[in-house]
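S.K.: Sequence:
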Amino acid sequence: MKLFEKHGLFEKSTTDLKKCLTEDQDLADKTTDLKLLPDLSLHDLILMGPDQAAKRLSLEDYHRFAWANQLHGQVPEKYYIACSKLVCEKLAREFFFRRWPCILSGI
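My numbering applies: residue 1 is where the sequence shown begins, and numbers increase by one.
Worth flagging that the hints you see were computed from the coordinates, not collected in a lab. Even glycine gets a Cβ: it sits at the ideal position worked out from N, Cα and C. Some hints could be false.
Taking CB as the label site, the calculated pair distances span [stated by the list, open to error]:
(1) Leu47 <-> Ile81: 18 to 26 Å
(2) Thr32 <-> Arg64: 12 to 20 Å
(3) Glu23 <-> Glu60: 30 to 38 Å
(4) Asp39 <-> Ala66: 16 to 24 Å
(5) Ala82 <-> Asp51: 16 to 24 Å
In silico DMTMM-like links for lysine to aspartate or glutamate, alpha-carbon gap of 25 Å or less [unchecked claim]:
(6) Lys35 <-> Asp24
(7) Lys35 <-> Glu89
(8) Lys55 <-> Asp26
(9) Lys55 <-> Asp44
(10) Lys55 <-> Glu23
(11) Lys30 <-> Asp44
(12) Lys18 <-> Glu77
(13) Lys78 <-> Asp26
(14) Lys30 <-> Glu89
(15) Lys55 <-> Asp33
(16) Lys19 <-> Asp33
(17) Lys19 <-> Glu60
(18) Lys78 <-> Glu89
(19) Lys18 <-> Asp51
(20) Lys18 <-> Asp44
(21) Lys85 <-> Asp33
(22) Lys19 <-> Asp29
(23) Lys30 <-> Asp61
(24) Lys18 <-> Asp33
(25) Lys19 <-> Glu77
(26) Lys78 <-> Glu23
(27) Lys55 <-> Glu89
(28) Lys78 <-> Asp33
(29) Lys35 <-> Glu60
Assemble the whole structure, with the sequences as input and the hints as a guide.
M.R.: Right, dumping it as structure tokens:
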């Protein structure tokens, strides 16, 4: 995970999408409509920090969102990969920073 942090991968994709949300109303509207939880939209996830996302979402929440295939065909095509990456990065951060050390400490 130090590799991700060293190259700013988490911060870059979030910053880029935050900028796009302010510049593209269609993206803002569609990400507001996509729900990860009843009270949490993809728009909210993009704007929140990784620690806050880790507190609000479980791995199961990401799994349900992915299996519902809510991104494909729902966000403008030019943002599909960026939105997918963001969801994967927040999921990876949750797993590697919060869950993985707990798993390893139990060994």
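S.K.: Does each hint hold? Answer for all of them.
M.R.: Hint-by-hint comparison with the structure:
no.: 1; hint: Leu47 <-> Ile81: 18 to 26 Å; verdict: holds, 19 Å
no.: 2; hint: Thr32 <-> Arg64: 12 to 20 Å; verdict: holds, 19 Å
no.: 3; hint: Glu23 <-> Glu60: 30 to 38 Å; verdict: holds, 33 Å
no.: 4; hint: Asp39 <-> Ala66: 16 to 24 Å; verdict: holds, 19 Å
no.: 5; hint: Ala82 <-> Asp51: 16 to 24 Å; verdict: holds, 21 Å
no.: 6; hint: Lys35 <-> Asp24; verdict: holds, 19 Å
no.: 7; hint: Lys35 <-> Glu89; verdict: holds, 18 Å
no.: 8; hint: Lys55 <-> Asp26; verdict: violated, 28 Å
no.: 9; hint: Lys55 <-> Asp44; verdict: holds, 13 Å
no.: 10; hint: Lys55 <-> Glu23; verdict: violated, 28 Å
no.: 11; hint: Lys30 <-> Asp44; verdict: holds, 12 Å
no.: 12; hint: Lys18 <-> Glu77; verdict: holds, 17 Å
no.: 13; hint: Lys78 <-> Asp26; verdict: holds, 12 Å
no.: 14; hint: Lys30 <-> Glu89; verdict: holds, 20 Å
no.: 15; hint: Lys55 <-> Asp33; verdict: holds, 21 Å
no.: 16; hint: Lys19 <-> Asp33; verdict: holds, 18 Å
no.: 17; hint: Lys19 <-> Glu60; verdict: violated, 28 Å
no.: 18; hint: Lys78 <-> Glu89; verdict: holds, 18 Å
no.: 19; hint: Lys18 <-> Asp51; verdict: holds, 17 Å
no.: 20; hint: Lys18 <-> Asp44; verdict: holds, 10 Å
no.: 21; hint: Lys85 <-> Asp33; verdict: holds, 19 Å
no.: 22; hint: Lys19 <-> Asp29; verdict: holds, 14 Å
no.: 23; hint: Lys30 <-> Asp61; verdict: holds, 19 Å
no.: 24; hint: Lys18 <-> Asp33; verdict: holds, 16 Å
no.: 25; hint: Lys19 <-> Glu77; verdict: holds, 17 Å
no.: 26; hint: Lys78 <-> Glu23; verdict: holds, 13 Å
no.: 27; hint: Lys55 <-> Glu89; verdict: holds, 15 Å
no.: 28; hint: Lys78 <-> Asp33; verdict: holds, 18 Å
no.: 29; hint: Lys35 <-> Glu60; verdict: holds, 14 Å
Consistency note: the structure conflicts with the earlier hints numbered 8, 10 and 17.
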